[in-house]
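> These are the residues of each chain, in order.
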Amino acid sequence: MRRTVAANRWRMALRAGLLFAVAMLLGGCLVPREPATTQAETTFSLYILILVMAGIVFVGVEGFIVFSVFRYRRRDDRLPEQIHGNNRIEVIWTIIPTVIVLIIFVFSMGALGTVQAKSPNPAVTVEVDAFQWQWTFRYRDDDNDPNNDYSVTGSAQQPPVMTLPVGQPIRLVLHSLDVIHSFYVPQFLIKEDVVPVPEGTADNELEFTIERAGTYSGQCAEFCGTGHANMAFSIQAMEQADYDAWIAAARAGESPPPAPPPADATVIELNAKNIAFDTDRIEVPAGKPFIIRFTNQEAVPHNVGIYSGGTELFQGENITGPDTTVDYQVPALEVGEYDFLCTIHPTMNGTLVAQ
Amino acid sequence: MATTNLNPRAESYRRSWVIEWLTTVDHKKIGIMYIVNSFLFFFAAGILALVIRSELAIPGLQFLDESTYNQAFTMHGTIMIFLFVVPVLAGFANYIVPLMLGAPDMAFPRINALSFWMLPLGGLLIFSGYLFGGAAAEGWTGYAPLSSNADKFSAGVGTDLWIMGLVFVGTSSILGSVNFITTIFKMRAPGMTIFRMPIFVWTVLVTAILILLATPVLTAGLIALFIDRNYGGSFFDPAAGGNPILWQHLFWFFGHPEVYIVILPAMGVVSEILPVFSRKPLFGYRAFVYATIGIGLLSWSVWAHHMFTTGRVFLPFFAFMTALIAVPTGVKMFNWMATMWRGSITFATPMLFAIGFITMFLIGGISGVILSSPPIDFHLQDTYFVVAHLHYVFFGGSVFGVFAATYFWFPKMFGRRLNEKLGKTHFWIHFIGFNLTFFPMHSLGILGMPRRIADYSPDAGWTIYNLMSTAGAFMIAVSIVPFLINVVATLINGERVGDDPWEANTLEWATTSPPPPYNFDTLPPIRSERPVFDLRHKHDAEQLAIEGTPIGTGERP
Amino acid sequence: MSVDAPTSQTADMGPRLEAARPQDNRGLSIPLVGMLLFIASEMMFFGGLFAAYFNARASTPGEWGPPPGAEELSPVPLAAILTVILIASSFTMQFGVWAIRRGDQGKLRMWVGVTLLLGILFLSGQLYDYSQLGFGIGDGIFGTTFYTLTGFHGAHVFGGAVGMTILFARASSGQFSARNHVAVEAISMYWHFVDVVWVALFSIIYFLK
Ligand code: HEA
Ligand code: HEA
Ligand code: CUA
Ligand SMILES: [Cu+2]
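Residue numbers (the numbering used here), protein chains in the order written: chain A, 1 to 355; chain B, 356 to 912; chain C, 913 to 1121.
There could be a bad hint or two in this list.
Okay, the calculated beta carbon distance ranges per label pair [what the hints assert, rightly or not]:
#, chain 1, residue 1, chain 2, residue 2, range
1, A, 56, C, 979, 41 to 47 Å
2, B, 819, A, 323, 45 to 51 Å
3, C, 1006, A, 92, 42 to 48 Å
4, A, 202, B, 479, 53 to 59 Å
5, A, 114, B, 395, 48 to 54 Å
Hints listed in this document are in silico derivations from the structure and should not be mistaken for laboratory results. For clarity, every value in this text was computed on a predicted model and none was experimentally measured. Think of the CB as a built atom: it goes at the ideal place given N, C-alpha and C, for glycine as much as any other residue.
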C-alpha cells in the first residue's frame, strides 16, 4: 500500500508540474496589446500592478498546496496532531488580503479618475449611433444642425471607419437606436455601453486621446441579437494635418440633391419597417431604367441594393426614418431574377424580377 | 390524507418500484432523483458546449448560423446554472443534510417532492423552445430591451418559454430553501448545537437564505419581462418611459447572490472532504462559519459589478464591496490549506477533486478580483476573460465540488465505492482538459475577443487559443466517459465497503450505507462537529452504549 | 394541505423517531417557521416590483400618473373603501385565531367565513375599479406598474381566499382544536402579510404623488 502511495506521489508530481507548465505556456500572453491612448496607458500600468499582486497570491497559495500535498501525504496509521485553529495566524491571514484589497482599490480609483476625465472642449466630437447591426459615425460641426453633419454608416460588406486625429482629446456621444450595444476598442483598453435612454436622459460619453497613428479595430461588445458578431468597425488615427485635409474633403463631398427622375419611368413603391421590407418580390420592365421610391418608416438606417449573385448592380445610399423617402434611379436591367437587399441588414432581402 | 406513504411499511410492499420512486417523499430517494436529473441536464448543456466550441474552433461559420449559435450559448448557460449546478447541489443537500443533523427526513417531505418535480418541468419548458421555432437567444442574462420587445427584437415563443421555465425552477428552489432552513433550525438531533453542525450544513443554510431572498426578485423581473413582451407593458421600454437598465439591476440583484448560491455548498463539500482525507479537523471551524456568513451578507452589495460599463452605477462603492469578498473567501482558502498542513493525507478520488477545487477556484477568484477593478473591467467586460473567470469558478469550483461529492457520498448512497482507478483516470483527464479549455480564454479576453460571437476575424490572432480551447473541451467530454462507465459498473457489481469506508467524521456515517427509511436506529452522542470521529477515537463507555452502529474500517485506497 | 405534513409525519414515525427526535418542540412549530420563511420570500418578490415602480417614477421625466386622457387616480371613495375592507378582514381573521385558541370551533368557523366574504368583496371591488379606470396595462409605464402591482397583490388575495375556503371547510368538519390548529395560524399569518402589502401599495400609489 505504501508503495502505491509513493508511486502516486511521483506520478502526481510529474503531472501537476507538467500540467501547470503546459497550461501557462498554452495560456500564453496575459498582457494586453500595446495601449494606444493616454487613458489606456493608465489602465495598462494598473493592470500590470494588479497582475503582479495576483501572481504573488497565486504562486503563494498554489505553492503551499502542492507542498502540503507532497510533504504531508499519509505515511503510517498514527493520527496527526488534531489542530483546531490558531487565532493569531487567522487574524494575520484576514489582514493580509484586506491590505491587498485596499491597495488594489486605491490604485483603481486613481486610474478611474484619469480614464473617465472629460476635457472642457474636445477637438473632435463624434456622435456614435448604434443600431442592429451597424454603426453610424456623425462628425459634429459648428452649426448645430445635425442633418448636414458628415456621417459614415457601415454595411455588412464594409465596416465603418472612424477617422480621427492623434494627440487630441476625442469625445464620443454614444446613442442607441434600439437595444443595448457596446463600443469597444481593445487597443484602447476601454468599452462603454450604448444604452437606449428615455427622452431627456443623457447619453453615455466616452473620451480618449490617441497617441500613435494607425488603424485600430473594434466591435460591439454587448450582445445585441443575431448580427452582434458583425458589428465591427475600425478607427483610423492620423496626424492632425492629414485629418484636417480628410475632413475638409469629406464635408465638401456632401451628397448633392438627387436629379429629377425621367418622366415616363416606372416607379416601384418599397417600404421598410421593423427591420423588414414590405414585400419580398419586385417586378420591373426589363431593359428600361426605373425608380424605386423607397420609404424608411423607422428611425433605423436602411438602403436598397440590387445584386446578381455576389456582384453589385446598384447600391442606393442609406436613409434614416421615420418616414423618409428617396427615389433611387436604377439603371436598366436585362431579363432575369436579381436579389435586392438592405446591405445594413442582409436579412432584409427579396427577389427582383425584370421581364 | 397521504400520510400513509410516509409509513415505511406501507412503502415497502404493494407498490412497484416505479410508482414508489415517482410518489416517494423520502429525502434520500428525492435527493438521488435530483442528482440524476441534474446530470442529464449537465450532459445536454455540455453537448451544447461542444457544439459551441466546434463552431469557434476556427474562424468562419462552419456548423451553425448566428441565431442557432445564440440559442446554443443561451441554453448552455441557462441549463448549466439553473438545471445543473444549483439542483445537483440541492440534491446532495437533500440526501445528506438530514443525515448530518440526525433527522429522520426533511421538515416538509411532500413540499420536498413538489420542489423536485418542478425542475424537470421547468427544464423541459425551457428546452421546448427548440420545438416551437427556436429557443431563447438573448443569453442567460436576457438583457432588455433585446429580450423585452417581442415585436421588434426577440420574436417567437422561445423567450416566453424560457421565462416560464425559469419561474418554475425559481419557485422550486424557493420552496426547497424554505424546507432546508426549517429542517436545519427545527430538526437537529439532541446535542447537535448550531456550532456543532457540519460545515456542509452551514453552507447549505446560508445558501438557502440567499435563495429564499434573491430568487423572488428574479421572479419579479421575469414577470415584468413577460408583461412587456405579451401585454404591451413598458417596464424596460425607453420610448414609453421605461428603463432597460432596471432589468440589469433586478437580474444581478439576484444574479450575484446566485453565484455564491452555487459555490457555497461546493465549498461545504470540500470542507467535509479535506479533513477526512487529512485526518485532521477543519482548521478554524468558527472562522469558516463566520466567513460563510460574511460572504452571504456581502453578496447583497456587489451586484452592479456586472454593470460597470453601463455608465449608470456608482463605481467606487460596488468596486470596493466586490473586492472585499476576497477577504472572507481568502479565510476559507487559508483554512483549507491549514487543514492539509501537518495532516496525513491520502489521495482517494474525492480528495483529488477537492484539491482540484481549491487550486482551480483560486484562479477563478483571482480573475474575479482583477475584474472588480473598474478601469480593468472596462477592458475585460463581456470578453472571454469573463468567460474564463466564470468557468474557473463554476466548473473549477462548483462542478469539481459536485464530482468530489459524488465520489465521496456514493458509498453512502449505494453501499458500494466507485472504482478508484477509473476515478483517478477521470480526474486527471478532466483536470488537464479543463485547464486546456479555459485557461487560454484569459488570453482571448485580454486580446479583446468579445463573448457571444459566433464568428471572428482570422487576422485577429485569436485562432490558436480557440483551437486549444476546443481541443480541451473534447478532452473534458472524453473524461466523462470513464465516469459514466464507473457509475454503471459500480452499481452493477462494485466493491461493497461497509458503512464508513472513508473513516469519516460526520453523522451521516453513523448509520448503515444506504440508510434505512428515517435514517437512524440509534445515534451516537454528539459532543463536537465530528461525532463519528469521537466515536472512533474515544474508547470509553459511551461507545459500548451505542448499539447497532458498527463503525466500518474500510480499506484505504 | 402540506403545511401539517410534519405533524402527521411525526404521527407514524414510530420507534425511529424516538432514536432521532427532532427538537421541534421548542419555539415556533415547524409549519409556522415554514410559513414565515415563505412570507419573507414573498416580501422580496413585492420588493422587486416596488423597486420597478420607484425606478420607473425616477426615470420618467414628465408628470407621473395616468396617461393623458384618463383622469387622475383618487384614493376616495373606492380605493379607501377597499382598504378598510381588507384591514377589517385582518381583524376578523385574528378573531378566528383567538377563537380556536380558546377551542371555540363555532366562532372560528364564523370568523373565517366573514374573512372569506370580505376577501371576495375586496377582489370584486378591485375588478370594478379596473373597469372604471380610463387606462390599461399597455398605456405607458404608469399603467404597466399600476396594474402589475395591484394585480399581483390581487392574485395573492385570491390565493388567501382559496386557503380561507379550505379552512372554512375543515373548520366546518371540526378538524381544529385548541391544541391542533396550525393551519389556521399559518394562513392567518399569510393573510395579515397580504394586508400589509396592500397598505404599502395604497399609500405609495395614491399618496406618494
Ligand atoms: C460560482 C460563481 C462565481 C463566483 C464564486 C464568483 C466570484 C467572484 N466574482 Fe464573478 N462571475 C461569475 C460567477 C462567479 N464569480 C459569473 C457567472 C460571471 C459572469 C456573468 C455573466 O456576465 O454571464 C461573473 C462575473 C464577474 C464580474 C463581472 C465581469 C463583467 O462582466 O464585467 C466581476 C467583476 O467584478 C466578478 C467578480 C468576482 C469576484 C471579486 C469574486 C470573488 O468572490 C472571488 C473571491 C475569491 C478569491 C479572491 C480567491 C481566494 C482568496 C484568497 C486566496 C485571498 C487572497 C487573494 C486576494 C486578496 C486577491 N465576477
Ligand atoms: C456550471 C456552469 C457551466 C459549466 C459546467 C460550463 C461548461 C462548459 N462551458 Fe460554459 N458557460 C456557462 C456556464 C457553464 N459552462 C455560462 C453561464 C455561460 C454564459 C452563457 C451566456 O453567455 O449567456 C457559458 C458560456 C460558455 C461559452 C461562451 C459562449 C459565448 O459567449 O459565445 C463557452 C465557449 O467556449 C463555453 C464552453 C463550455 C465548455 C466547453 C464547457 C465544458 O466544460 C462542458 C463539459 C461537459 C461536457 C462536454 C458534457 C459531456 C458529456 C458527455 C459527452 C456524455 C455523453 C452524453 C450522454 C451520455 C447523454 N461556455
Ligand atoms: Cu451591437 Cu452587439
Ligand atoms: Cu457577480
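> Does each hint hold? Answer for all of them.
Hints, one by one, checked against the model:
One distance hint, 41 to 47 Å for the beta-carbon pair residue 56(A) and residue 979(C), is violated here, with the actual separation near 60 Å. At roughly 50 Å, the beta carbons of residue 819(B) and residue 323(A) sit within the given window of 45 to 51 Å. At about 55 Å, the CB distance of residue 1006(C) to residue 92(A) disagrees with the hint of 42 to 48 Å. As the Cβ distance of residue 202(A) to residue 479(B) is approximately 45 Å, the hint placing it in 53 to 59 Å is violated.
The supplied range of 48 to 54 Å is met by residue 114(A) and residue 395(B), whose beta-carbon atoms lie about 51 Å from each other.
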